[in-house]
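S.K.: Each chain, letter by letter, is given below.
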Amino acid sequence: MNRNHPSLKHFWNYFFLAWTLLGLVLVVLDSAGFLLPDALQPFWIDSEISPPTSPSWRHPWGTDELGRDLLVRLLFGTGYSLLFGLEVALVSSAIGMAVGLFLSFLPVPLQRLGSLSIDLVASLPFLPLALLVLLWYPGQIIAIGLLKALLSWGTLAQAARLQSIKLQSSPMVLAGRSQGLSPFRLAIKYVMPALIPTLHGFWPLFIASSVLSLASLDLFGLGMPIPYPSLSETFRQFLEHTEAWWLMLFPLLVLASLVHYFMTPQTVDQPRFSRYGSLHGTQISNP
Amino acid sequence: MRGFKALLATLVALTLYSFLVFSLYWTIPSDPVAGILNRSSLTFLHSTSPQPLRHTPGPFWKQAQLFYEHILDGTWGVSFWTGSSVLRLILDRAPHTLWIALASLFVTYCLGIGLAYLQLGANNRTVSFLTRSSIALLLSIPAFCTCILLFILSPAGISHLLAVLVYSLSAAPYLAVLVYTHLKAETQTPYFQAALAKGLNLRQVIRKHLLPSVVGQLLAYLPFWWALWVGTSLVIEPILQIPGMGLLAFESFRNQDVAVLVGLALFYGSVRILLGGLRDSLFALTHEKWLGVRAYEP
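Note that the protein sequences, when read in sequence, are chains A and B.
Going from the first sequence to my numbering is simple: count from 1 and add 77.
Going from the second sequence to my numbering is simple: count from 1 and add 2.
Fair warning: there could be bad hints in the mix.
[Said to hold, decoys possible] Far from chain B by the CB rule (all over 12 Å, computed), these chain A residues:
| # | residue |
| --- | --- |
| 1 | M249 |
| 2 | G253 |
| 3 | L276 |
| 4 | V336 |
[To be verified] Derived contacts from chain A toward chain B, CB cut-off under 10 Å, selection only:
| # | residue |
| --- | --- |
| 5 | L197 |
| 6 | A199 |
| 7 | P205 |
| 8 | L212 |
| 9 | L299 |
| 10 | S309 |
| 11 | H337 |
Bear in mind the hints are in silico, worked out from the structure with no lab data behind them.
From the three backbone atoms N, C-alpha and C, an ideal C-beta is built for every residue, glycine too.
All chains, please: the whole structure from these sequences, using the hints.
M.R.: Written out as structure tokens, the structure is:
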């Protein structure tokens with residue numbers, strides 16, 4: 078099987094894009110008060126079956142232990158997880174970019190102090206603190222998202238700071254400085270647009286990391302407030318109904334696809350090392 | 003001298019970190035003790051009454067003084083639930099988590115470096131495809147899913163072994179990607195190309211020349227692995243019922259034991275900072291040696 082076959086790759090991308098968009102649309106419609114049909118409601122319990130039921134025409138991905146349709150709940154779970162990821166990505170990006178840019182225009186000793194502070198914030202562990210926050214705000218998913226965002230911006234801030242320092246010696250910034258522009262204007266007008274690719278690289282990682290963190294909390298019923306759908310609630314049910322394989326398989330497929338879609342291309346899909354191209358070709362003859 | 007500086011910076015970082023944790027704890031609205039310890043709900047869960055608590059009403063500086071007194075006297079406060087020292091509770095549980103982490107570190111490095119070596123040294127497309135697919139698959143599957151699957155499929159009584167396997171399988175692909183990226187960058191260096199030009203086999207060059215340069219990576223990511231396994235242990239240990247720090251955090255949450263949760267946050271972060279300091283110190287001490295490895299670079 079050729080992994081890079083265009084039709085296969087496109088089919089996968091389009092399928093998953095459609096899946097995530099459908100999940101987001103359903104969540105938005107449901108939150109906006111639109112009356113969805115019973116079969117599309119995440120809390121609807123099919124009373125005509127004895128749950129958990131295996132996949133059938135009536136419930137293509139089966140039902141959970143309460144008789145709720147797994148496909149619909151996973152669609153909603155994807156939507157909620159993505160909204161959570163977007164919240165974290167937005168807040169983290171805003172803080173990370175602002176702090177990184179601000180630090181890069183400070184004198185070096187202050188930059189070092191700032192860098193140390195960023196490392197300290199990055200050292201705070203998310204899950205123990207999330208448990209602490211959940212004691213005060215039980216079921217408050219926004220509070221958890223904010224905590225995740227407050228602990229996640231460090232790496233982006235460091236990357237933005239380094240990139241910004243590099244850019245400050247570039248001709249365009251030097252030209253702007255010679256025109257008498259203030260550091261703030263320089264940062265906004267010249268440096269920040271050039272940092273967009275850096276931000277673009279971090280967004281999928283923020284989203285994937287947030288989805289995983291939420292799923293970890295959901296595994297113990299601590300993430301999405303019950304009875305809201307989540308991506309990992311059925312794993313807990315699977316531990317009690319080990320014969321119900323669909324409670325493990327389908328959520329695992331969705332969760333792994335979500336992580337793969339957002340994170341793996343960032344890390345794995347690098348151009349393959351070409352023995353006969355780069356090494357035995359021009360690189361060696363022109364060292 | 004550089005090692006001493008790194009050590010000093012670590013101490014400063016630890017002090018600042020503990021202050022950060024205290025500030026977070028302090029900024030929680032209302033009186034946390036009154037807010038979380040609903041004594042009427044505690045009475046039927048536990049016979050003993052809650053112990054004297056660390057967080058007392060009073061000005062910020064007074065509470066900070068009390069906090070640091072508890073840290074300096076080695077108790078780290080008193081557990082709301084059991085009444086014993088928080089540090090003692092943590093240290094009782096720490097060996098399980100730490101042994102698993104150490105074993106996982108070894109397996110992770112073997113697996114991660116092996117995967118990177120296979121990916122870089124693959125001389126046919128099938129091996130390369132299989133290696134890349136394995137890395138992508140391992141990266142995509144969350145650790146707790148692997149844990150649940152292994153837990154269901156394996157016999158009872160090997161929970162520690164399962165934990166090592168789960169930790170390693172979750173961390174190895176990250177290491178493989180990092181090592182592969184590092185090795186790939188090294189392939190552009192003149193010494194590597196010179197070795198190839200002299201007729202050495204690609205895999206020989208990787209083994210003899212590139213892999214030694216990965217030693218730095220082994221140290222550089224120590225704090226990263228710690229952070230990764232801390233997050234994983236909080237999910238894995240309750241599933242596998244391993245009496246480590248992850249299970250302690252989970253039990254403390256169930257028992258609304260804020261003192262232990264704060265202590266764990268302090269412990270986890272401190273170890274991460276200490277590992278960072280250790281890395282910096284070792285790097286400073288062995289820098290010359292590593293420079294020597296690459297001394298023939300222009």
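S.K.: Next step is simple, just say for each hint if it's right about the structure.
M.R.: A quick look at each hint next to the structure:
1. M249: holds (28 Å)
2. G253: Correct as stated: the minimum Cβ-Cβ distance to chain B is 33 Å, above 12 Å.
3. L276: holds (21 Å)
4. V336: Since the minimum Cβ distance to chain B is about 5 Å, A/V336 lies within 12 Å and the statement is violated.
5. L197: holds (5 Å)
6. A199: holds (8 Å)
7. P205: A/P205 check passes; min Cβ-Cβ to chain B is 5 Å, inside 10 Å.
8. L212: holds (5 Å)
9. L299: Where the cut-off is 10 Å and the nearest Cβ of chain B is about 8 Å from A/L299, the hint holds.
10. S309: holds (7 Å)
11. H337: holds (4 Å)
Checked against the numbered hints above, the structure breaks only hint 4 and satisfies the rest.
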